[in-house]
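Enquirer: Protein chains in written order, with my numbering: chain A, 1 to 503; chain B, 1 to 148.
No lab work stands behind these hints, which were simulated from the structure alone. We put the CB at the ideal spot given by N, CA and C, even for glycine. Mixed in with the good hints, there may be bad ones.
What the hints assert, rightly or not - From the structure, some residues in chain A lie toward chain B, with a derived Cβ separation under 10 angstroms:
#1 138
#2 142
#3 153
#4 164
Said to hold, decoys possible - In silico lysine to any residue, SDA-like type, Cα no more than 20 angstroms apart, as pairs:
#5 173(A) / 39(B)
#6 370(A) / 95(A)
#7 370(A) / 178(A)
#8 173(A) / 26(B)
#9 143(B) / 110(B)
#10 173(A) / 40(B)
#11 173(A) / 53(B)
#12 173(A) / 43(B)
#13 216(A) / 322(A)
#14 173(A) / 29(B)
#15 173(A) / 136(B)
#16 173(A) / 12(B)
#17 56(A) / 402(A)
#18 173(A) / 13(B)
#19 259(A) / 291(A)
#20 173(A) / 22(B)
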Amino acid sequence: MNSPLETATNPQGLRRVAIDPVSRVEGHGKVTLLLDADKRVQQVRLHIVEFRGFEKFIEGRPYWEVPVMVQRLCGICPVSHQLAAAKAFDRVIGAPITASAEKIRRLMHYGQVMQSHALHFFYLASPDLLFGFDSDLNRRNIVGVAQAHPEIARKGVLLRKFGQEVILATAGKRVHGSGAVPGGVNRHVSAADHVRLRGDVAQMLAWAQDAVEIAKQLHAQNPALYDHFGAVPANLLSLVRADGALDLYDGVLRARDAKGAIIVDGASAQDYLGLIEEEVKPWSYMKFPFLKSLGSELGWYQVGPLARVQNCDFIPSPLAEAQRREFVAYGNDQPVHAALAYHWTRMIEMLHCVEVIQGLLDDPDILGGKRMATGQRQHRGVGVIEAPRGTLFHDYEVGDDDLVTRCNLIVSTTHNNQAMNEAVRSVAAQYLDGQELTEGLLNHIEVAIRAYDPCLSCATHALGQMPLDVVLLGADRQTLDRVTRSPHGSFCHEAIASGATAR
Amino acid sequence: MTAPLLVFGWGNPSRGDDALGPLCIEHLRSLSLDAARVEYQEDFQLQIEHALDLVGRERVLLVDASLDCAAPFEVTQLQPAYDAHLMSHALTPAALLQVYAELRTEPPPPCTLLAIRAERFELGEPPSRAALINLEAALRWAKAWLTD
Numbered sequence: 001m002n003s004p005l006e007t008a009t010n011p012q013g014l015r016r017v018a019i020d021p022v023s024r025v026e027g028h029g030k031v032t033l034l035l036d037a038d039k040r041v042q043q044v045r046l047h048i049v050e051f052r053g054f055e056k057f058i059e060g061r062p063y064w065e066v067p068v069m070v071q072r073l074c075g076i077c078p079v080s081h082q083l084a085a086a087k088a089f090d091r092v093i094g095a096p097i098t099a100s101a102e103k104i105r106r107l108m109h110y111g112q113v114m115q116s117h118a119l120h121f122f123y124l125a126s127p128d129l130l131f132g133f134d135s136d137l138n139r140r141n142i143v144g145v146a147q148a149h150p151e152i153a154r155k156g157v158l159l160r161k162f163g164q165e166v167i168l169a170t171a172g173k174r175v176h177g178s179g180a181v182p183g184g185v186n187r188h189v190s191a192a193d194h195v196r197l198r199g200d201v202a203q204m205l206a207w208a209q210d211a212v213e214i215a216k217q218l219h220a221q222n223p224a225l226y227d228h229f230g231a232v233p234a235n236l237l238s239l240v241r242a243d244g245a246l247d248l249y250d251g252v253l254r255a256r257d258a259k260g261a262i263i264v265d266g267a268s269a270q271d272y273l274g275l276i277e278e279e280v281k282p283w284s285y286m287k288f289p290f291l292k293s294l295g296s297e298l299g300w301y302q303v304g305p306l307a308r309v310q311n312c313d314f315i316p317s318p319l320a321e322a323q324r325r326e327f328v329a330y331g332n333d334q335p336v337h338a339a340l341a342y343h344w345t346r347m348i349e350m351l352h353c354v355e356v357i358q359g360l361l362d363d364p365d366i367l368g369g370k371r372m373a374t375g376q377r378q379h380r381g382v383g384v385i386e387a388p389r390g391t392l393f394h395d396y397e398v399g400d401d402d403l404v405t406r407c408n409l410i411v412s413t414t415h416n417n418q419a420m421n422e423a424v425r426s427v428a429a430q431y432l433d434g435q436e437l438t439e440g441l442l443n444h445i446e447v448a449i450r451a452y453d454p455c456l457s458c459a460t461h462a463l464g465q466m467p468l469d470v471v472l473l474g475a476d477r478q479t480l481d482r483v484t485r486s487p488h489g490s491f492c493h494e495a496i497a498s499g500a501t502a503r
Numbered sequence: 001m002t003a004p005l006l007v008f009g010w011g012n013p014s015r016g017d018d019a020l021g022p023l024c025i026e027h028l029r030s031l032s033l034d035a036a037r038v039e040y041q042e043d044f045q046l047q048i049e050h051a052l053d054l055v056g057r058e059r060v061l062l063v064d065a066s067l068d069c070a071a072p073f074e075v076t077q078l079q080p081a082y083d084a085h086l087m088s089h090a091l092t093p094a095a096l097l098q099v100y101a102e103l104r105t106e107p108p109p110p111c112t113l114l115a116i117r118a119e120r121f122e123l124g125e126p127p128s129r130a131a132l133i134n135l136e137a138a139l140r141w142a143k144a145w146l147t148d
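In isolation and in its complexed conformation, chain B is listed as follows (with noise of 0.2 angstroms):
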């Protein structure tokens, strides 16, 4: 039984910030809500199979880490899009939908794009002290969009 609510975060653990949308994902994940109403995902980058996942859905909350938008974090309802940056390994959360849109057909069901901001993304460093604060305040927003 697919659980109605998907969150996925990703990024790279090891390369400081990056790490946001993973450490969001075990936040929410170590809070113990109804395994049956919610499932996390999480992985390095965002892939072009990861648009199945989205698959009988009613909602999906998708959680990275950026260097572009205002702190502590930007929420993005998502639309499918044509991605000029398509690559093999990562798409954009908007290319993601695309191929959902392609694939299967029909719209994707309701996404939700948790934007935190990150300063760094150094190999080998811990997230900053600055992007910590911002996760703080974006996971008071994810349990909200949790319990909608």
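Excised from the complex, chain A in its bound form (with noise of 0.2 angstroms):
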């Protein structure tokens, strides 16, 4: 059930704070709260303008460009956007890809989770984590981290370049490549990439092992704050395997309630409308999806790992498993809401992944074998993968003359949305409410907010320095109080009433 913070009972009369922009991926986002006299938080809205451009840049395309333009939408994780618009138009080709090229597109995919979730902990998360939400804002960075704790700042950095290496391996090109294409893929894995590969993959698993327990130690040595810092009873939804597995690449949807209980099984990507739909609300551009058959308001669920990690029955790799088993048993076998447990889960789905690189780089397909495959053309094509912050739908309709006709993105920052937004309304009810406005306070929001979408963070290229414009207005709309971070970290602190600066 959405909170009652969504929306103020009487805004006549509230003060607005606004915090503007949180960055993101595609345009600006912002936080908006409304505050009674007593500085009590009466409303508090995460907007995110997404830009949705795409499914008409795209109209009028030759379908075989669309895996490679798609990419664009993101510089952290164009695979993602690669291989959900190459599933798609595997559709359209009409058969199913080759042994061969589904290896090396998983070898992608799962290079591609990797270094992304490599990304997101260590040099975006980990300086939170390891210093402080509030902690020195000029130490609270990558660097910082790497002065401070110089091992977990090389590992972060290896696994993540590791992982860009695999991309380039199979893509061609650590960003924005072109290894996948409708039908199958246009390279296999060379000789020489396959051995240094093979030669630094055993290092990187113990390293993502070591990560594992960082996300661990980290929750036992705080778990009055990690088990409940923007915590959100939600739904779940990911991509399982047909038996139950934990898959990135392929499989059916399973959405679970929040308690755990599974609500939809075994659909078809295919039929993903007939399962999602899609609200709009009038103070933000970004829509809402819910599961259909609950409704707007209970139908609201999480996507990534938190959700793929818990939705699944199994992980289908033995030291990725035995973590799942007891990230499952902190939680008491009740589902785990809390965002800085997306953390945890995201260091056990990294660990997979290496898991899964290994033993593909063992698979003599990635080497050889028939890379595209050809079938009856058909007209509609619907690509569903895990992208590292969530489910991914593309869906595009391809007219005779093989120009596409219609597209329809879904991405999981829009997945994300009404869950996003309740963490925000959490952190700020905890944290704010009553509150003098400070850095550290501004930042438990983009803490809740970053451990759900690093593309948030990611979206003016910030490192914990996402410029941030924070207002106290009066009820006359004078302005009375000024917080600002420049996009270059500086923090201001104007006192407008007083007349005095402080930085």
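Could you fit the two chains together into a complex? Lean on the hints.
Expert: Here it is, written out as structure tokens:
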């Protein structure tokens, strides 16, 4: 059920505080709060200005161009968009792809998820987690981590780099490659790349295990914070393999309710429109997806690592499965909904990715075999994949002239829209209620958002230093108080009433 | 075997003069110098993990377009330094060296920044005529650096 803080009962006369912009990948977001005379939080909204222009750009383009074009949606997970589009157009091609093609695509995808998870945890989140949400701003970044915890930073950088090397070997480039094409792939893994990756993968496996331990230790050290910060009881949605295993590349859709009971299972991604509906709210540009069977009030859900690890029945790799079991036990067999638990599950997934990569590197099909499939031409295809931050849908219609006539994309940030809003409300109510604005308090909001989707902190390429502008307005709209943080990280507090300025 | 010399250029080829770094790499690569001695790399931005590309080098040349330097180019010997402008996807060269020093607990190899004077970074524009003239001059200097 939506929080009562979504809409104030009587907004007239409340003071408005805006965190604007909170950045994201495509465009900007902001957080607005309405406070009463006692500084009590009455309304909190995370607004994300979603850029949907790609759906129009793509109309009229030849379908074989699209897997390359859609990568420009994202600088962190272009591979996910490439693969989702390629999977959709496999349907248009009309034939299942070959074993070699699927294994090479899986290798690419698990490399992608690995590097993205490493980027998120080590570069974006670890400064908050290791130093504290309101620690020294000048140290709260990856270089600060490198100085204080050089081994952790080094492992993080090398884990990300290895994931990028996997992408390079399968897609031709670390960013915006071209490996996956409708009907298959355009290259095998070269012998030289194969030798190089195999030489490093055992070390990566050890470091990925260390990363899970770090995440676990953080929870153990401060359960009061980690178990409750930004916790929202949400339904969970993800792909699972037909046998219930975690699968990031393909599968059927499964949803659980907030208590863990399965409410949808085995749903084909091709029929996602029968499962999910998107609600429009007048105060936000971004839609709010929900499970049709539950309705908009009860049907919103979480996607991403926290959903996936708890939605599956098991993880089909031994080390990650052992960690999943430990995580489930930590939650006493009830789903964990705390925002910071995203990090723990993210590291479990990263470990799984390395195990999968290791297995695929032992498979001769990635070095040779038929790359492309052909079949009977179709006019529509839906591609779904588990991107690093959650379930990603690409839905296309293609005319007889091979030009795309319709495109619909639902990205992970959209799926998590309501859940992120609820998490921000939870944090605002707990930490900002009645308080004077400080950089550290603002960062609490960022921490909650960042746990879901690092794209929000990456849109302006900031690392723990999103440009923020929080203005406290009186009932007469006069500025009473203002706190700003520049894109360069400098922090300025202007007490307008007294005329004082502090930096 | 790691090549002792690394030439690393960065920029967005679709943004006018921001293409100078990648264009410099493209020209130098076409010289077909001894591949065992020189490695060329390019990317859109200077990122944290690029610090690891410096490992094992005798000398490194970093090439970027600059709106601030004097024409046709400026050459700077880099030192590690913290950067108040630290970004997740875009480091300054000095911050990159600082990351290297922190991660490796040793000084980075000698790194030289070749900043080529640029005029405009407009999306979809080709490099300006003035920038391409500056690039020619910078290439002559870079070729000499390679054969030092």
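Enquirer: Taking the hints in turn, state whether each one holds.
Expert: Hints and how they fare:
1. 138: 8 angstroms, holds
2. 142: 6 angstroms, holds
3. 153: 6 angstroms, holds
4. 164: 7 angstroms, holds
5. 173(A) / 39(B): Since the Cα atoms of residue 173(A) and residue 39(B) sit roughly 16 angstroms apart, the hinted pair holds (cutoff 20 angstroms).
6. 370(A) / 95(A): Given that 20 angstroms is the threshold and the Cα spacing comes to 14 angstroms, the pair holds.
7. 370(A) / 178(A): With Cα atoms ~18 angstroms apart, residue 370(A) and residue 178(A) stay inside 20 angstroms; holds.
8. 173(A) / 26(B): The hint holds at about 16 angstroms.
9. 143(B) / 110(B): 17 angstroms, holds
10. 173(A) / 40(B): Given pair residue 173(A), residue 40(B) holds - Cα atoms ~14 angstroms apart, limit 20 angstroms.
11. 173(A) / 53(B): 16 angstroms, holds
12. 173(A) / 43(B): Status holds; Cα separation ~10 angstroms.
13. 216(A) / 322(A): 13 angstroms, holds
14. 173(A) / 29(B): 17 angstroms, holds
15. 173(A) / 136(B): 28 angstroms, violated
16. 173(A) / 12(B): Within the cut-off at roughly 15 angstroms; holds.
17. 56(A) / 402(A): Measuring from Cα to Cα gives roughly 16 angstroms; hence the hint holds.
18. 173(A) / 13(B): 15 angstroms, holds
19. 259(A) / 291(A): It holds: about 16 angstroms lies between the C-alpha atoms, which stays within 20 angstroms.
20. 173(A) / 22(B): 15 angstroms, holds
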